[in-house]
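There are 2 protein chains.
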Amino acid sequence: MTEKVLQYLRDNREAQLHALHNFLSIPSVSTDSKHKEDVHQAAQFVKEYLDKIGFDKVRVQPTKGHPLVYGEWLGAGNDAPTILLYGHYDVQPADPLELWDSEPFKPEVRDGRLYARGASDDKGQVFMHLAVFEAFMKTEGTLPINVKVCIEGEEEIGSENLYDILTKRKEQFQADFAVISDSGMVASGQPTILYGLKGFTGLEFTLHGPSNDLHSGLYGGAVRNPAIAMAHLLASLKDQEEVVQVAGFYDGVEALGEEERRLIDNVPGENYQESTGIPETVSEKGYTAKEHTMARPTLEVNGLFGGYQGEGTKTIIPSAATAKITCRLVPGQDPDVIQGLLVKHLEENVPRGVKLEVKREPLSAKAYKVDPNHPLIEKAAESYTKAFGKETVYVRMGGSIPVVEWIESIYHMPIVLLGFGTPEDRLHSPNESFALDSYDKGMETLVYYWNAVRND
Amino acid sequence: MTEKVLQYLRDNREAQLHALHNFLSIPSVSTDSKHKEDVHQAAQFVKEYLDKIGFDKVRVQPTKGHPLVYGEWLGAGNDAPTILLYGHYDVQPADPLELWDSEPFKPEVRDGRLYARGASDDKGQVFMHLAVFEAFMKTEGTLPINVKVCIEGEEEIGSENLYDILTKRKEQFQADFAVISDSGMVASGQPTILYGLKGFTGLEFTLHGPSNDLHSGLYGGAVRNPAIAMAHLLASLKDQEEVVQVAGFYDGVEALGEEERRLIDNVPGENYQESTGIPETVSEKGYTAKEHTMARPTLEVNGLFGGYQGEGTKTIIPSAATAKITCRLVPGQDPDVIQGLLVKHLEENVPRGVKLEVKREPLSAKAYKVDPNHPLIEKAAESYTKAFGKETVYVRMGGSIPVVEWIESIYHMPIVLLGFGTPEDRLHSPNESFALDSYDKGMETLVYYWNAVRND
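Sequence order for the protein chains is P and W. Numbering-wise (numbering that gives the first Met the number 0), the first sequence opens with residue 0 and increments by one. Numbering-wise (numbering that gives the first Met the number 0), the second sequence opens with residue 0 and increments by one.
Among the hints, a few may not be true.
If you only want the chain W side, here are some residues facing chain P, beta carbon under 8 Å, derived [claimed, not checked]:
| id | residue |
| --- | --- |
| 1 | P95 |
| 2 | L98 |
| 3 | F104 |
| 4 | K197 |
| 5 | G201 |
| 6 | A288 |
Keep in mind the hints are simulated off the structure, nothing from the lab. Glycine included, C-beta positions come from ideal geometry on N, C-alpha and C.
My request is simple: use the sequences and hints to build the entire structure.
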């Protein structure tokens, strides 16, 4: 039965790619109100495709912003699991247009890659699911699993209305587990299971000194310089061995076990010096760069400013200095607790002579991690390996995907992140593309996977 | 003889103030090329006044920029000293105009103060000298001293051409000592001898990390954050007790003796909390705020920046962070040596993982200090006290006046800083003014002083 489905995909490759071209031709830029109609048209494309395949209850579901598309096919029976498939049909703006080698909304294949805005993030990956469902339905008349499809139109603007809908319509989206294909592989052709994401919290703080910038000659020696006070306070947050010095910061963080260290060690590493131009990598004492980026919490200064920034010299004592900091968190760390510890540290360590003002960042996210030995994860890894002909690697990532945290916190269901992007995809940048090799082998992976999980 | 001169000043107060009004009415803004003619007209005013008094060799002397006015009167004979009088006839721009209560170039007297741009800095103080010379010449037909007058037109733009002229025409400006009236008293009505100025040196440095801002989730843990590296490096320059930690920084700085501590203690202190809004003063360990500001070197961050400065959060690792620092120096510290020590400290303490780039500030100044017991200083103090009816205080100041350093280094002559401004004068700001009480008593001081130094 698998072979027939795969054969359908091979036989209909041109026609399906043609449909994907049409999908990618719609400039569904969610952040730009002049593309409102286009966004709606892209939703309509997904709806019509689901209709065509034979899904039920297919609809463009309105929100306060851009609509989401819902559809379900629950004909696999009670023995088969029900999965919630999440993706998004909206895209990032395409500008600066002059940096594109072909037009962002006129898809073009060059050297085995499909170039278009959204080719990888996320229309291409959403379409792969539609194409695979089509192949099952056209050859078998059925899917191996029950499916609820939720494709939203506001991911690129922070999924503004999704949390609300997921909370209010729990019945509609309830499933056994969720699958999200909105991420990537660590290298082209390298099957990758993303089994953990970091959470985050942040704040901005200002050290206020004199009410105005002061003459450094007349006041230097009497007035604490807020920029130097800032240096002392920031330096107290993290030492030069990259160990965060905030009391309680690491409380509850689970130790990195031997198995996980081995998983991380198996992941092909990025050559950071080459890709970022840094003279050397620097990581937390006792951890490699891969271990620290994937599995250990971080604290970063995202912005820092105070005083004169123009050309040359202005001999002032600045009236204030400000820093923006965010932390990436791992399981065991609660974002609100960590934010509180940061504030406490700042309050306790603020140098004399300046006043501390803290603005807490209201957005936060909990870290997410699934057991890499979970059967759903193991089957995903096996399916990847079968399709790509290569051992699957397991990674955790420093980024956060809000929808992952929401699905977990609202539905308490496992989430499988099946991503097919490659590091060369240039998401959010000019010349976004998607490797057709990933497209073909990714669909093959999905065919194997749905068959594999059918009886779980 | 003194009484006749003073009587002349009283009898001719109206006429002289009228002339000062005319002087102040000329918008001689040296930084603004559309005022080039006005600047020249102000020079012409000074020239004509010197002519009228009976000075010799009076001329508007061209430079590459705005001219200076020179004139001399050497009729006091070989027994009398020759003094070089320095001042400037150019002024700061007047904007923002809407913050002035009367027009900046229409002088107006309100509540015992003369309001106009330049009233205190420095036209008013230059004019006082002219008026006093006039009084001597009209009543005695002679001055008690020989005088060379040098009034420049580029002080507010860094005295660009003065150093060159002072160096090339040593014969022309050579004298026994110099007098400069371009400063102020520590409080209205409080005679003040300024016997020391700080020098300065500075530099800007940047810590370069990745070639672009990076995603803090993907790279945090592998890449040193330049803003945090900056915090560590800046914090290493000065500890929280305000002691500079740069090796060799204090080498050669003379200890603050008991006599000087007493002089400084006598100076009425500024209430820094009130005037600047700071919660408390912070000074170098072992020194009071007055001692540190007046007589101890300082290191300040004038500007600090890196990464995101907009609203809210942007989760990046900045590609670089930059700091601008300047030091105010005291006698015994060579600006070039100190700059070199700073660079060495930065090079030796730069955290791993970032690259240091240093831009040395080319401008620098040596500190200046004259012995407060020098007879020329003692006589100035006595003259002040006689005119103002109050004990003179002795101060050193954290600022630098480049011309002071130049006159000292080129001519090796004592310099007496006879300033009559008050802290309320609002130099360089809207509503600049000059207290007429300072104007009258300042001229009286000058009359006493010229008589007192006649036979030195």
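What hint numbers does the structure not satisfy? 1, 2 and 3
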